[in-house]
Structures are given as C-alpha cells and as structure tokens.
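Produce the entire structure from the sequences given, and follow the hints as far as they go.
Respectively, the protein sequence lines represent chains L and S.
Our numbering numbers the first residue of the first sequence as 7 and each following residue consecutively.
Our numbering numbers the first residue of the second sequence as -8 and each following residue consecutively.
The hints are simulated quantities; they were obtained by calculation from the structure and are not laboratory data.
Where hints are given, some of them may not hold.
Unchecked claim - Ranges of calculated distance between the beta carbons of each label pair, as one might list FRET restraints:
no. : chain 1 : residue 1 : chain 2 : residue 2 : range
1   : L       : Gly65     : S       : Gly(-6)   : 15 to 25 Å
2   : S       : Ser64     : L       : Asn58     : 32 to 42 Å
3   : S       : Gly(-6)   : L       : Ser100    : 21 to 31 Å
4   : S       : Asn1      : L       : Ser18     : 25 to 35 Å
5   : L       : Ser30     : S       : Pro(-1)   : 29 to 39 Å
6   : L       : Asn24     : S       : Gly63     : 40 to 50 Å
7   : S       : Gln74     : L       : Lys75     : 22 to 32 Å
8   : L       : Gly22     : S       : Pro(-1)   : 34 to 44 Å
9   : S       : Ala(-7)   : L       : Ser45     : 18 to 28 Å
10  : L       : Leu67     : S       : Ser64     : 30 to 40 Å
11  : S       : Arg13     : L       : Ala84     : 34 to 44 Å
Nothing here was measured: the structure is a model prediction, and the numbers come from that model.
Glycine included, each C-beta is placed from N, C-alpha and C at the ideal position.
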Amino acid sequence: SQQGEEDPQALSIQEGENATMNCSYKTSINNLQWYRQNSGRGLVHLILIRSNEREKHSGRLRVTLDTSKKSSSLLITASRAADTASYFCATENSGYALNFGKGTSLLVTP
Amino acid sequence: GAGVSQSPSNKVTEKGKDVELRCDPISGHTALYWYRQSLGQGLEFLIYFQGNSAPDKSGLPSDRFSAERTGGSVSTLTIQRTQQEDSAVYLCASSPGLGEKLFFGSGTQLSVL
Chain L
7 SQQGEEDPQA LSIQEGENAT MNCSYKTSIN NLQWYRQNSG RGLVHLILIR SNEREKHSGR
67 LRVTLDTSKK SSSLLITASR AADTASYFCA TENSGYALNF GKGTSLLVTP
Chain S
-8 GAGVSQSPSN KVTEKGKDVE LRCDPISGHT ALYWYRQSLG QGLEFLIYFQ GNSAPDKSGL
52 PSDRFSAERT GGSVSTLTIQ RTQQEDSAVY LCASSPGLGE KLFFGSGTQL SVL
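Below, the structure written as structure tokens:
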C-alpha cells in the first residue's frame, strides 16, 4: 500500500509567519487530503484536492498538488498560536482506504 | 448524534484479556474505518467497511484483531488476548462514501498493563 510522507517532521515558527509542509507519495492517486490533529486524538479534515486539480484554497490554507512529482504542499498563512497541531496528509486510490503519513508537528509561538 | 462517537474513551486492561471498542458512525455514512495510532506516530490502517461489500481487513496486525459492522451502522473492534504492544489510540472514522473526506471520532486510548 502507498503512504504519504510529510516533511519536515517538526516545524517551529512565530505567530504571523507562514508555515509550509510537504507531502510525498509513491503511486498514482485519486485525491489527497490534509488533516489536523490536536492533542493526539480525533483528526479534523482541512482540505481535499483531486488528482486533476493543481491548487485549492480554504481561508488561510493553500494546498498545491503536483502529480508529476507525486507531491503536495500545505501552506498556512499568517499563522496563529491556535494552529499548533500535527498535520497529516492522506492519499486515496480507488478501492483502498485513506493512507496517512506520519505527520508534521507544528508549533506556533506568540 | 452529530458526529462519530467512540466508547469507551479510555480503557485500561491487563495483558491477556479481551477488549471491545465501539464506534457509532454518522448516520447515513456508508464507509467506516478503524485506524491505530501509537504515541507520536502516524495512523496505521486496520480495517474498513464500505456498504455491503466485504471489509478490507488487510491492515489487521494479527488474528487477535477482528471487527464487525452490524446493520451497516455500529462497528465493534475486538482485540483478543491483549498484549502490551496493543497499547495505542484506536480511531474510528466514517465518510459518506469511499474517497470522500473522513469524519473522526475522539478515539479510545487503550492501555495494556
């Protein structure tokens, strides 16, 4: 099965700065999704980008997808302390369950 | 309910005992997933159910693990003869269909002593 790999594993920035996280995967996908996890419990869906899309925006989030490089990036602009969390990418291919990476731990300090 | 509900929230058990973890998905969601997350790690896929199709059990780590979904709704994950390495947070998620976004429960923290 395939798996997304996030990079970096950990990221520390100050409030107001932008945070960029990357995800690479191994085989073709139908879509790629980003999730956020606070305090090691349930994940919250952030954004879904389909294989025929290159960029999507949602509020302060911007996701890009490059299927030729099998990679995606998540940009959080003007970060806030409340953005402190772990961020996971997940890939979907027909007939298989979502496959998650190991996540990027983001710390935003005031 | 409005979201995915998991019970219990926390479970402490002794090595060798059996445990059952329950998941109530969002009404109408046809897909249901179980994942496991060890401390500081990513999500490990265990099993998923899609409608009336046979479940994908390819992620179950051993035959001590099993799951069922009754009536296309509630699901129970059973771990027999628990081992210390089974200690983790067990997360359930549901979605309207395969390939769509997942809605997660808050998880069950399992501790095997």
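Against the earlier hints, flag every one the structure doesn't satisfy and list their numbers going up. 7
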